[in-house]
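Participant: Take a look at the letters that make up each chain.
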Amino acid sequence: MAAMKKALPPRLVGLTFFRAVSTSSMGTLPKQVKIVEVGPRDGLQNEKNIVPTPVKIKLIDMLSEGGLSVIEATSFVSPKWVPQMADHTEVLKGIQKFPGINYPVLVPNLKGFETAVAAGAKEVAIFGAASELFTKKNINCSIEESFQRFDATLKAARSANIPVRGYISCVLGCPYEGKISPAKVAEVTKKLYSMGCYEISLGDTIGVGTPGIMKDMLSAVMQEVPPAALAVHCHDTYGQALANTLMALQMGVSVVDSSVAGLGGCPYAQGASGNLATEDLVYMLEGLGIHTGVNLQKVLEAGNFICQALNRKTGSKVAQATCKL
Amino acid sequence: MGNVPSAVKHCLSYQQLLREHLWIGDSVAGALDPAQETSQLPGLPEFVKIVEVGPRDGLQNEKVIVPTDTKIEFINRLSQTGLSVIEVTSFVSSKWVPQMADHTEVMKGIHQYPGVRYPVLTPNLQGFQRAVAAGATEISVFGAASESFSKKNINCSIEESMRKFEEVVKSARHMNIPARGYVSCALGCPYEGSITPQKVTEVSKRLYSMGCYEISLGDTIGVGTPGSMKRMLESVMKEIPPGALAVHCHDTYGQALANILTALQMGINVVDSAVSGLGGCPYANGASGNVATEDLIYMLNGLGLNTGVNLYKVMEAGDFICKAVNKTTNSKVAQASFNA
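If you read the sequences in order, they're chains A and B. Counting from 1, position 190 in the first sequence corresponds to residue 190 in UniProt numbering; the numbering is continuous, with no gaps. Counting from 1, position 331 in the second sequence corresponds to residue 331 in UniProt numbering; the numbering is continuous, with no gaps.
Next up, chain A with everything else stripped away, as it sits in the complex (with noise of 0.2 Å):
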C-alpha cells in the first residue's frame, strides 16, 4: 500500500466505531463477564523490579477506579519465597477498599490465611494443581497432601465466612509432566469444589493450550462442577491466551483472569511473555458485546502507570496501538 497519511485519531478506535454496533448471537456467548484482574498479584510476582508499596498501592486504587469487580491484591506468603509480595500487609492496609469491589489474596496456608485476616482480607484464594510434579516442586508435596493443607484453611475460612476462591495450575500442560488429562483436572477441580471453593480457576500456567484442548478440558471439568462457578486464567506464553479464552466462553465459562498490561513474564521461558493482557480482553468482548462495567481508557492508564514504574513495555497491544497519540 502507498504511504499513508496519518487517518482519524487512532484513539480507541475499534471501541468508538463499535459499540453501537449490535451483535447477532454468537450462539452460547454469556451476556456478561466477570474479569478477575490478578495483576498486582500473579503480574507482579512475576516481573523482576521489585515495586515499592505506594506504587503497588497506587495500581490497585487505579483499578479500583476502571471498574473491575475484583482486584487479586497480593500474596500472603513468605517473602523468602516472593520477595515481590513482602510488603502484604501493607498493601492490603494501604489500599482503598472500594464498596461493590472484592480484593482476594493468596494463601498457601493457615498461618497465611491468619495474617491476611488479621490484615482486614475478606476474601481468601488458595493454589492448586493438576501435576504431581509440579506440586512437588512448587510446594514440595503431593496433590494429596496439598488437599489436607488447604482443608485447614478452608475450615477456617467457613468459620470466619470468609468466600475462598481455588486456582487450578498446569491444566492444558505442565512444564514437568507435559500433558496433562483433563480428567486429572476434572478430579482436582471436583475436590476443591466440594472442600468449598466457590468458584475455581483453571489455569493454563505455562500458555501451552489450545482451543482444542481447552475444550476438551473443559467438557471433563463441566461434567463434574457447574460452569458457573468456573474461571480460565490463560497465560500468552505462545500467543493463544485469546483464542483459548473465546473457546472457554464458547462453552458458557463467564468468568476470567487476566493481568493489566500483560504484566508477568513466566518463569519457564525467559523471555516469553505472561498473562493475558485485560486491555486486550476488554477489547474483544466489548467487541462481543459483552458487558464487563470495565472502563477500558482507565485501565490503559493504570497499565501505563505500572510499565512506567517497572521501567517496562506494556504487554498489551491495544496498549501499543492506542498509547502513541
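Errors might be hidden in some of the hints.
[As the list claims (entries may be wrong)] Lysine-lysine pairs mimicking BS3-like chemistry, simulated, CA-CA at most 27 Å apart:
| no. | chain 1 | residue 1 | chain 2 | residue 2 |
| --- | --- | --- | --- | --- |
| 1 | A | K313 | B | K323 |
| 2 | A | K93 | A | K48 |
| 3 | A | K48 | B | K327 |
| 4 | A | K58 | A | K298 |
| 5 | B | K205 | B | K49 |
| 6 | B | K164 | B | K152 |
| 7 | A | K313 | A | K48 |
| 8 | A | K179 | B | K313 |
| 9 | B | K49 | B | K313 |
| 10 | A | K313 | B | K63 |
| 11 | B | K327 | A | K313 |
| 12 | A | K155 | A | K137 |
| 13 | A | K93 | A | K58 |
| 14 | A | K155 | A | K179 |
Don't read these hints as lab results, they were simulated from the structure.
Fit chain B to the known structure of chain A by using the hints.
Facilitator: Same frame as chain A, now just chain B:
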C-alpha cells in the same frame, strides 16, 4: 501461580515440552507426531492453507530497506518450510513503496521450488506486464471495502479500481495466470470507521466474478473481533463459497488468532500470515501488524489441523529476517522458544 521459585529456566522436561508442543524433532516437515497433544474441534476443516505474506505485506511495512540478496535468501528459506504459497513482492512504483523497488530482481533471483507458488501484487496493467516479464506465474490485485481508503490508497474510487483490476485479471486469465483478490478494511477502516458486511460482500463478489480464484478478506487495521468477523463472513458466504475465501488478520489489537479461530469455525480454510509478525501498522504508530505465522501454526497444530508446514523451520526463517531487519520478533512462540 502460587509460590513459584524465580526463573526456573530448565525444568526437567522443558526440552521435551518444546518438542511436544512445537513439533520440533524427527517428524517429516508438517506431519503431526502422533504423540503430540492435539485435539480436533468438530466442524473445523482438515487442512488449512497458509499464505505467507511476510516478504511482501510484512517487509513493505518495515522501515529498514532490506537488501535484495537478503530478501531472496529469506524467500528461499521460506520455500523450504513446507509453505505452499509465498507472496514475493509487489510490482508497484518504487515512488510509492521504496521497499519493493527491487521487485524484478527479487522475482528473478528466487529459487522457485516445485509445489510452491509465488504470487506478486500487480496494482495495474503495467505492473502486471512487468511481473509476467520477470517470470511471475500468479498475481494479486488489491481492492478495498471503503471508498475513502481506496481514494487515499490508490487515488481512485472503488468502482474505478475495479475497472483497472478487470483489465489485469482479464489479461491474467488470458495467459492462464491465476489471480487472487484482496479486500482491505473488511472489518473497519481508519478513515470511515465501521464498514458494513454488505459492502465487503459487494466488493468481494465483484472481484470473484471478474475471475479471482480466491478472495482474501483483510482486517487491515486489526480492529475486528470475533463478532464482527462472524457477521462479515456470514454476509460474504451468501455470495461466495467458503472454499474461495481467505482471512488476513492484523494483530494490532491482539485479536488476530481469536478472529482466525472464528473464521475456521465458519468453514474458512485459507489464512494469511507473516513470519515473525513482520510489518507494523501505518495507522497506529508502534503497533503491531500481521499475525505471526509461527503463532498461527502453533494454534493450527494444536487443533490437529494439517498445514504441511514445519514450525521450527519457519522459526528459523523468522530469526534470520529479524536479525537482518534488526528487530525483535513479534511472534510469541518464537519469543518463548529461542530464549529457553
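Participant: It remains to establish, for every hint, whether it holds in the given structure.
Facilitator: Hints versus structure:
At roughly 21 Å between alpha-carbon atoms, K313 of chain A and K323 of chain B fall within 27 Å of each other, so this suggested pair holds. Under the criterion of a C-alpha separation no larger than 27 Å, the hint pairing K93 of chain A with K48 of chain A is consistent with the structure, at around 24 Å. As the CA atoms of K48 of chain A and K327 of chain B are separated by approximately 23 Å, the hinted pair is consistent with the 27 Å bound. Taken as a hint, the K58 of chain A and K298 of chain A pair is honoured in the structure, with Cα atoms around 13 Å apart against an allowance of 27 Å.
Distance check on the hinted pair: K205 of chain B and K49 of chain B sit about 22 Å apart at the alpha-carbon level, within 27 Å; holds. For a cut-off of 27 Å, the pair hint linking K164 of chain B to K152 of chain B stands: about 16 Å separates their Cα positions. Pair hint K313 of chain A plus K48 of chain A holds up; C-alpha atoms about 13 Å apart against a cutoff of 27 Å. Simply put, K179 of chain A and K313 of chain B have alpha-carbon atoms about 24 Å apart, close enough for the 27 Å limit, and the pair holds.
Under the criterion of a C-alpha separation no larger than 27 Å, the hint pairing K49 of chain B with K313 of chain B is consistent with the structure, at around 17 Å. Taking the CA atoms of K313 of chain A and K63 of chain B, the gap is near 20 Å; set against the 27 Å cutoff, the hint holds. Annotation: proposed proximity of K327 of chain B to K313 of chain A holds, straight-line Cα distance about 15 Å (limit 27 Å). Between K155 of chain A and K137 of chain A the CA atoms are separated by roughly 26 Å; this keeps the pair inside 27 Å, and the hint holds.
Of the pairs offered as hints, the one joining K93 of chain A and K58 of chain A holds, with about 13 Å between alpha carbons and a cut-off of 27 Å not exceeded. With a C-alpha separation of about 33 Å, the suggested pair K155 of chain A and K179 of chain A falls outside the 27 Å cut-off, and the hint is violated.
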